Amino acid sequence: MKFSDREHLRALFSKPTNYINTNRGDAYYRELYRKMEKRLAELRAQKPVREAEIKFEEYLKVWELSRRDFLKWVSATTAMLMLPPQFEPLVAQAAEVMNRVPIIWINIQDCAGNTEALLRSASPTVDELILEYLSVEYHEVIMAAAGDQAEQNLEKAVKDFDGKYLLFVEGSIPVGMPEAFTIGRHPKTGVEHVKHLSEHAAAVIAVGSCASFGGVPAAYPNPTGAVGVMDIVKGKPVVNIPACPANPANITGVVIHYILTGEIPELDSLLRPKFAFGYRIHDNCERRAHFDAGEFVEEWGDYGAKNNFCLYKMGCKGPFTFNNCSIVRYNEGTNWPIGVGRGCIGCSEPNFWDVYATERPIADSPIQPPAGRGVESTVDQFGLAILTATAVGIGIHAVASAVAGKREENKEEQ
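The sequence shown begins at 1 in my numbering and counts up by one.
Simulated from the structure, these hints should not be mistaken for laboratory data. The structure displayed is predicted, hence computed values, not measured ones. Just so you know, not all the hints are guaranteed correct.
Stated by the list, open to error - Here are the simulated lysine-lysine pairs, PhoX-like style, with alpha carbons at most 20 Å apart:
(1) K195 x K236
(2) K313 x K274
(3) K195 x K164
Generate coordinates for the entire structure from the input sequences, incorporating the hints supplied.
If you want it as structure tokens, here you go:
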């Protein structure tokens with residue numbers, strides 16, 4: 001998927017809103033609650049794909065995560081999915097039956113960065129444990145099998161769970177020089193590999209910007225002809241979870257939604273889940289107030305940089321990028337790029353490497369930062385007007401008091 005800078009910006013600001021309608025009425029949510037209860041009952045009646053050695057609650061304890069930690073995660077995930085608080089018990093139940101849904105995870109043209117984001121060396125988060133609790137039947141990066149054994153395991157999983165598994169694809173798909181980009185001892189191109197596995201999947205989830213839109217491999221001049229999953233897979237539900245890397249919270253959110261409803265979540269025009277990509281980073285940025293005030297970093301190391309001013313003039317693409325980085329953050333919720341003083345490069349948008357990954361504003365951007373001191377100057381003018389009015393009032397009061405006093409003196413003399 002390729003846009004020129006101007007076409008991309010026009011599409012970005014003219015397409016329908018990405019926001020989820022969260023005011024759908026009591027009748028809608030009652031019906032949705034009943035639907036989710038029925039779906040969870042069906043999953044509980046099924047046997048796990050692989051029998052867990054321990055129950056889910058014990059699983060949390062092994063990793064020293066308390067029930068309190070889990071309930072905090074439940075509340076956060078329910079809110080992220082734009083569901084009312086009364087759905088929290090259902091989200092908790094969904095986490096406990098995640099091992100009923102088989103997963104096949106393949107890597108095509110990628111750096112495995114999304115997988116690395118899940119394989120934490122520090123204490124794992126609930127999101128990461130939830131994903132580990134899934135029944136991952138095939139994952140090329142972390143599995144022990146290789147060669148023929150790996151291929152046999154993959155085909156067995158496809159046969160055993162035909163039409164039931166979720167197919168995760170990491171990495172872009174090269175369509176140029178297909179004979180040069182093949183997989184396995186029995187050569188298959190990336191296109192053939194993805195088409196074959198997607199035909200037998202319940203849904204396809206493109207993880208990361210490479211799988212979603214081509215990502216870095218698709219950057220000019222795109223020597224491998226890299227494209228995203230949605231350019232190859234037809235006739236199956238496709239969900240894009242872009243970003244470089246994708247946030248584990250968003251991956252978990254998509255899986256939880258599928259377990260709760262048996263369906264993929266509501267998507268925007270680029271097939272991204274609206275619950276995660278419904279708002280621009282600029283909308284919830286911790287430095288937004290500085291943008292409105294006209295306070296910007298003008299060069300690295302200046303006064304603005306030291307005081308966390310807005311990074312827009314240093315090329316931050318937050319106003320053009322749909323993602324929830326500023327809310328869920330990275331590294332166990334510790335921080336995110338703008339939080340450490342580096343502007344957003346728009347990694348969850350198509351063609352980000354060519355269009356956004358520069359330390360300068362987009363030349364023909366429809367966004368104009370406030371001139372001067374922005375809203376601060378307005379506040380100052382308002383304050384000055386108040387002070388002026390107050391001063392005038394005080395002056396009038398003083399004159400009136402003096403006149404009244406003079407009248408009193410004249411009365412006494414008479």
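Hints, one by one, checked against the model:
no. : hint        : result
1   : K195 x K236 : holds (10 Å)
2   : K313 x K274 : violated (28 Å)
3   : K195 x K164 : holds (16 Å)
The structure fails to meet hint 2 from the earlier list, while all remaining hints are met.
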